[in-house]
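**Q** For the protein sequence lines, the chains are A and B, in the order given. Take the first sequence: its position 53, counted from the start at 1, is 53 in this note's numbering, and no numbers get skipped. Take the second sequence: its position 290, counted from the start at 1, is 290 in this note's numbering, and no numbers get skipped.
Worth double-checking, as some hints may not be accurate.
What the hints assert, rightly or not - Below, in silico cross-link-like pairs of lysine to any residue (SDA-like), each with a Cα-Cα straight-line distance of 20 angstroms or less: (1) K21(B) <-> S59(A); (2) K21(B) <-> A46(A); (3) K21(B) <-> P6(B); (4) K2(A) <-> Q71(A); (5) K199(B) <-> I17(A); (6) K6(A) <-> R15(B); (7) K199(B) <-> K6(A); (8) K199(B) <-> E168(B); (9) K106(B) <-> Q151(B); (10) K6(A) <-> E470(B); (11) K199(B) <-> S53(A); (12) K21(B) <-> R11(A); (13) K2(A) <-> D22(A); (14) K303(B) <-> D285(B); (15) K21(B) <-> S53(A); (16) K6(A) <-> E11(B); (17) K2(A) <-> S59(A); (18) K199(B) <-> S51(A); (19) K6(A) <-> L290(B); (20) K238(B) <-> I391(B); (21) K27(B) <-> D428(B); (22) K6(A) <-> S51(A); (23) K468(B) <-> S181(B); (24) K199(B) <-> D14(A); (25) K2(A) <-> T72(A); (26) K580(B) <-> G517(B); (27) K21(B) <-> I15(A); (28) K21(B) <-> P30(A); (29) K21(B) <-> D14(A); (30) K6(A) <-> R14(B); (31) K519(B) <-> D428(B); (32) K238(B) <-> L363(B).
Calculated directly from the structure, the hints in this document are not laboratory data. This one's a predicted model, so the numbers in the text were calculated from it and none came from an experiment.
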Amino acid sequence: MKDRIKTVMARTFDIPIAEIGDDAEINSLPNWDSLGHMLLMLELEAEFGVSISTDDMTSLLSLELLEGYLQTNGIDPEQGESVRKVQ
Amino acid sequence: MNEKLPTGALERRRRGVELMKRELDDKTSISLHLLSTFNLDAITPFMVEALDRRGWQAQIHLAEFGQIAQSVLDPMSTLYKSNPDGVIIIPASEDLFSPLYHDPQKFLTDEADDLLQSRAKEIGHWIEVILDRLPETVCLVPTWQADYLPQEYILDPIAPNRGQLLGEQWCKIVREMGAISPRVVIVDWADHTARYGMKNYSDPRLWYLGRMRLNPDGLAAISDLLAAHIAAYRNMAKKVAVVDLDNTLWGGIVGEDGMSGLVLGEEGVGLAFMDFQRELRKLHDAGIILAICSKNNPEDAWKVFEQHEAMLLKRSHFASARINWEDKATNLREISRELNLGLDSFVFFDDNPVERDWIRMALPEVDVPELPIDPAYRPQFIREMSSFQRITLTQEDMQRADSYKAQSLRTQLKSSVASLDEFLDSLDQEVKIAPVHAGSLARAAQMCQRTNQFNLTTQRYTVADLEKIEADPQQELYTVAVKDRYGDSGITGLGILRFEDDLAHIDVLLLSCRVLGRKIENALIAFLAERASERGAHSLLGYYYPTEKNVQVAEFYKDFGFEDSGNGKFLLELAQSNLKYPSNVQLEIEGVK
Chain A
1 MKDRIKTVMA RTFDIPIAEI GDDAEINSLP NWDSLGHMLL MLELEAEFGV SISTDDMTSL
61 LSLELLEGYL QTNGIDPEQG ESVRKVQ
Chain B
1 MNEKLPTGAL ERRRRGVELM KRELDDKTSI SLHLLSTFNL DAITPFMVEA LDRRGWQAQI
61 HLAEFGQIAQ SVLDPMSTLY KSNPDGVIII PASEDLFSPL YHDPQKFLTD EADDLLQSRA
121 KEIGHWIEVI LDRLPETVCL VPTWQADYLP QEYILDPIAP NRGQLLGEQW CKIVREMGAI
181 SPRVVIVDWA DHTARYGMKN YSDPRLWYLG RMRLNPDGLA AISDLLAAHI AAYRNMAKKV
241 AVVDLDNTLW GGIVGEDGMS GLVLGEEGVG LAFMDFQREL RKLHDAGIIL AICSKNNPED
301 AWKVFEQHEA MLLKRSHFAS ARINWEDKAT NLREISRELN LGLDSFVFFD DNPVERDWIR
361 MALPEVDVPE LPIDPAYRPQ FIREMSSFQR ITLTQEDMQR ADSYKAQSLR TQLKSSVASL
421 DEFLDSLDQE VKIAPVHAGS LARAAQMCQR TNQFNLTTQR YTVADLEKIE ADPQQELYTV
481 AVKDRYGDSG ITGLGILRFE DDLAHIDVLL LSCRVLGRKI ENALIAFLAE RASERGAHSL
541 LGYYYPTEKN VQVAEFYKDF GFEDSGNGKF LLELAQSNLK YPSNVQLEIE GVK
């Protein structure tokens, strides 16, 4: 799961995946600014087939929080696929 | 430019990010400055991507959003420092009219109309300031319809406080701003969103978190539309549509199914094929040259054109045809030679993905669209293609197809008369030379952009450049229009003289390939010499800048008695000139500048 999120981050922010540490958070990576954060949200929605609420968008500001959110919000960890429908 | 490109908005953004790492090539780079009332920071890679599809490397500058007036009015702003090729002003109507959107009861007062008029005046003024301070720049202005109405629960569409009327009036006002100058291009985004759905292009979360009125789908779509207008403004439109026959113009394979087995008619899928033909016929009538490239027995194929009742396209619509079993790349090369038009102006339609990939590989300059597999989607596919888009149709565009037909008639006549002079006499040619005016400026620029072969200096002047030349008392720009017994070719030649002491420079001399070999060039050069003498010049200086395509005019000046003075310069002492108007044209000079 973590690696899959990192892959999405790498392509969203256009940086090598190796640069993304487990402690990554907003403003700690190149291009992860407020605009980059919104693009990341949309990329994650497309990748994981979830719909992230506005509130969650404003609070999911680190890799750790994102991982926790995606694990409990509609991702079947076995299959890595969405069990929730996109809005 | 011909690989299969991503269609999803996020993939397009990523492709744009990749493209932004390229080193800029001056020849195809274009700089654009965007001004908007809302946050458009995310648009840059989308614009880069969309313009790359049309062969341009874009550099995008964005002003701080909501600061259009400051950027436009302050002569020291980054807008003027960046001196862009194009300025794009995107005012969202819900921002411009926020007092009304927030309090729709105001629609019932004079305030609504006052605001509409003052916004119209304001934006008109901005455009004029930009055009004035950036004399080379084109100004693109999209229309805009919000994704909601101020009071949607009032259902009567003309109730003023529903707010729909205002939105429509605003779009009408913007559309009419195109009249300010040929350098203003209206991009009808409101028309696009009316058909594709503004709601699909926006995301309220992005608005509340980032003041973005467009989501990635919206950014990709508006970038595409803007890029299409920029390409059209720069006359990048393709000139030739080459079509396959079996399963492209009609359903089925004529060699196997026979003419009666073809799917083509007023019902079902047959109607989709007819509609596809109808779209091609529209292109033909708008000046796009049609040609056939098909693996078939020619007798079988032509029989369909001659005898099938549902065929909307006739043999006469096609300027060239290669119906044989040769490889299609060879055939396309031959068609290009025959029409005297470069392969980079070709679009190739074929239902067969193998043929398409082969052409993409063998002739990467040809535009090969991914024709939808289902024929029902093809008419709309061809309608929506950007390859043939242009801002307006000139008179010459509309006559071009006829002109090519006339060309083949002339060729036939040529073989039936003995000498070239006799042939030219029999054409009854009328040549009209006139100083450029508002009505011919667009056509003159189009020729500068498009003429490759008979073009001595290949200066790619835009409308803005030509306006400047026209305004300069030391320069004179003349257009040449040609008519003969077979038809009116319209404006097909251009000459620009620049006077400097007793020297007259010929900065531009070009002719469309449609009128070559008919002594039109003799008339033009004789006129330029005469005009130079009239203005007191003693000598005439011509230039030849070689390109890949203009070898045929390398000896042009020498042939007319100019002396080669090296470095592509050719000098003629006017006192010693023996340039004469040719006897085979009836010349009319419509005044001088």
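**Q** Take the hints in turn and mark each one as holding or not.
**A** Going down the list of hints, with the structure as the test:
For the given pair, K21(B) sits about 32 angstroms from S59(A) by alpha-carbon distance, which is inconsistent with the 20 angstroms threshold. For the proposed pair K21(B) and A46(A), the alpha carbon gap of about 25 angstroms is over 20 angstroms, so the pair is violated. Among the hinted pairs, K21(B) with P6(B) is consistent with the structure: their alpha-carbon atoms are about 18 angstroms apart, no more than 20 angstroms. Taking the CA atoms of K2(A) and Q71(A), the gap is about 10 angstroms. The hint holds against a cut of 20 angstroms.
For the given pair, K199(B) sits about 35 angstroms from I17(A) by alpha-carbon distance, which is inconsistent with the 20 angstroms threshold. For a cut-off of 20 angstroms, the pair hint linking K6(A) to R15(B) stands: about 19 angstroms separates their Cα positions. Between the alpha carbons of K199(B) and K6(A) the distance comes to roughly 31 angstroms, so the proposed pair goes past 20 angstroms and is violated. A C-alpha spacing of about 17 angstroms is found between K199(B) and E168(B), which places the hinted pair at or below 20 angstroms, so the restraint holds.
For the suggested pair K106(B) and Q151(B), the alpha carbons sit about 12 angstroms apart, so the restraint of at most 20 angstroms is met. For the given pair, K6(A) sits about 59 angstroms from E470(B) by alpha-carbon distance, which is inconsistent with the 20 angstroms threshold. Among the hinted pairs, K199(B) with S53(A) is consistent with the structure: their alpha-carbon atoms are about 18 angstroms apart, no more than 20 angstroms. Straight-line distance between C-alpha atoms of K21(B) and R11(A) comes to about 14 angstroms, which keeps the hinted pair within the 20 angstroms bound.
This hinted pair checks out: K2(A) and D22(A) have alpha carbons roughly 8 angstroms apart, not beyond 20 angstroms. Using a Cα cut-off of 20 angstroms, the hinted pair K303(B) and D285(B) is violated, with the two alpha carbons roughly 23 angstroms apart. Pair hint K21(B) plus S53(A) does not hold up; C-alpha atoms about 33 angstroms apart against a cutoff of 20 angstroms. Straight-line distance between C-alpha atoms of K6(A) and E11(B) comes to about 17 angstroms, which keeps the hinted pair within the 20 angstroms bound.
Simply put, K2(A) and S59(A) have alpha-carbon atoms about 18 angstroms apart, close enough for the 20 angstroms limit, and the pair holds. Our distance criterion of 20 angstroms between C-alpha atoms is met by K199(B) and S51(A), whose separation comes to about 17 angstroms. Note on K6(A) and L290(B): the hinted pairing is violated, with a Cα-Cα distance of about 51 angstroms set against a maximum of 20 angstroms. Straight-line distance between C-alpha atoms of K238(B) and I391(B) comes to about 13 angstroms, which keeps the hinted pair within the 20 angstroms bound.
Annotation: proposed proximity of K27(B) to D428(B) is violated, straight-line Cα distance about 42 angstroms (limit 20 angstroms). Using a Cα cut-off of 20 angstroms, the hinted pair K6(A) and S51(A) holds, with the two alpha carbons roughly 19 angstroms apart. The hinted pair formed by K468(B) and S181(B) meets the criterion: a straight-line CA distance of about 13 angstroms does not exceed 20 angstroms. As the CA atoms of K199(B) and D14(A) are separated by approximately 29 angstroms, the hinted pair breaks the 20 angstroms bound.
Between K2(A) and T72(A) the alpha-carbon distance is near 14 angstroms, which keeps this suggested pair within the 20 angstroms criterion. Taking the CA atoms of K580(B) and G517(B), the gap is about 16 angstroms. The hint holds against a cut of 20 angstroms. For a cut-off of 20 angstroms, the pair hint linking K21(B) to I15(A) stands: about 13 angstroms separates their Cα positions. A distance of roughly 15 angstroms separates the Cα atoms of K21(B) and P30(A); the hinted pair therefore holds under the 20 angstroms criterion.
Between the alpha carbons of K21(B) and D14(A) the distance comes to roughly 11 angstroms, so the proposed pair stays at or under 20 angstroms and holds. Between K6(A) and R14(B) the alpha-carbon distance is near 16 angstroms, which keeps this suggested pair within the 20 angstroms criterion. With a CA separation close to 12 angstroms, the supplied pair K519(B) and D428(B) stays within the 20 angstroms bound. Note on K238(B) and L363(B): the hinted pairing holds, with a Cα-Cα distance of about 15 angstroms set against a maximum of 20 angstroms.
Consistency with the previously given hints fails for numbers 1, 2, 5, 7, 10, 14, 15, 19, 21, 24, ordered from lowest to highest.
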